[in-house]
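One-letter residues, chain by chain:
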Amino acid sequence: MNITIKYFGRITDITKCEEEMISINQGTILSNAELILKKKYPLIEKELYTLFINNKRAINTDQFLNNNDEICIMPPFSGG
Amino acid sequence: MAHFEFIEGGISQSVWNEGSGKGNLLKGATAIFKGTVRADNIENKTVVGIEFTAHKEIASETVSNIAHGLMQKHDLYRIDIYHSFGFVKVGEDCFVVIVESKHRKNSFKALPEIVNEFKELVPVFGKELYEDGSYEWKKNKG
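So the protein sequences, as listed, match chains A and E.
Position 61 (the first sequence) corresponds to 61 in this note's numbering; numbering is contiguous.
Each position in the second sequence, counted from 1, maps to that position plus 80 in this note's numbering.
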């Protein structure tokens with residue numbers, strides 16, 4: 001199944017893209033997906049960020065992912 | 081009543097001047113905050129503008145929750161919030177908050193809370209661009 005990952009702010013300096021789709025296996029949990037991304041972009045490890053899933057702040061990284069889920073990786077906000 | 085909008089580029093006064101509740105004859109106080117892009121000088125480089133990006137959907141939902149809570153907490157008539165999206169050059173406003181209430185005390189109390197909660201909770205990201213073409217991601221200070 002496929003999920004969409006969106007990157008914001010300084011995280012895009014690492015990923016060089018704002019959005020991508022990745023394929024994951026059925027039964028993948030959010031923290032597994034996070035590990036996949038850290039493997040792909042090792043510098044993310046050093047960044048502070050918050051995960052959002054389907055527009056809600058992810059509280060539990062043990063949650064199972066579903067096809068077409070959207071994960072956002074957001075560094076500290078800097079509006080205003 | 082609360083209103084939130086992203087504005088492409090700098091926010092001119094004409095954008096928000098007419099929006100507030102002029103017809104409300106019970107309104108006795110209006111407090112306005114304007115955030116302006118500064119020509120900060122960092123390590124001999126001068127900021128020429130800020131490029132703003134955001135997750136607009138989450139931002140709108142978050143602002144709506146903030147505004148709803150603070151309208152009730154401070155007994156406000158209205159909150160209008162405008163934030164820039166895209167490039168804003170130095171000297172232009174990028175963030176405007178307007179609060180209306182019956183008495184000044186309510187507006188005075190609510191205004192900094194709205195500004196602070198926005199900065200803390202709303203997914204907007206600023207990239208400070210320098211005159212030499214380099215950039216730094218903006219960091220909000222307490």
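None of these hints come from the bench; they were simulated from the model.
Note that this is a predicted model, so its numbers are computed, not measured.
Treat the hints with caution; some may be incorrect.
To be verified - With a straight-line cut-off of 27 Å between C-alpha atoms, the simulated DSS-like cross-links for lysine-lysine are:
1. LYS207(E) - LYS40(A)
2. LYS38(A) - LYS219(E)
3. LYS107(E) - LYS169(E)
Hints versus structure:
no. : hint                  : result
1   : LYS207(E) - LYS40(A)  : holds, 24 Å
2   : LYS38(A) - LYS219(E)  : holds, 23 Å
3   : LYS107(E) - LYS169(E) : violated, 34 Å
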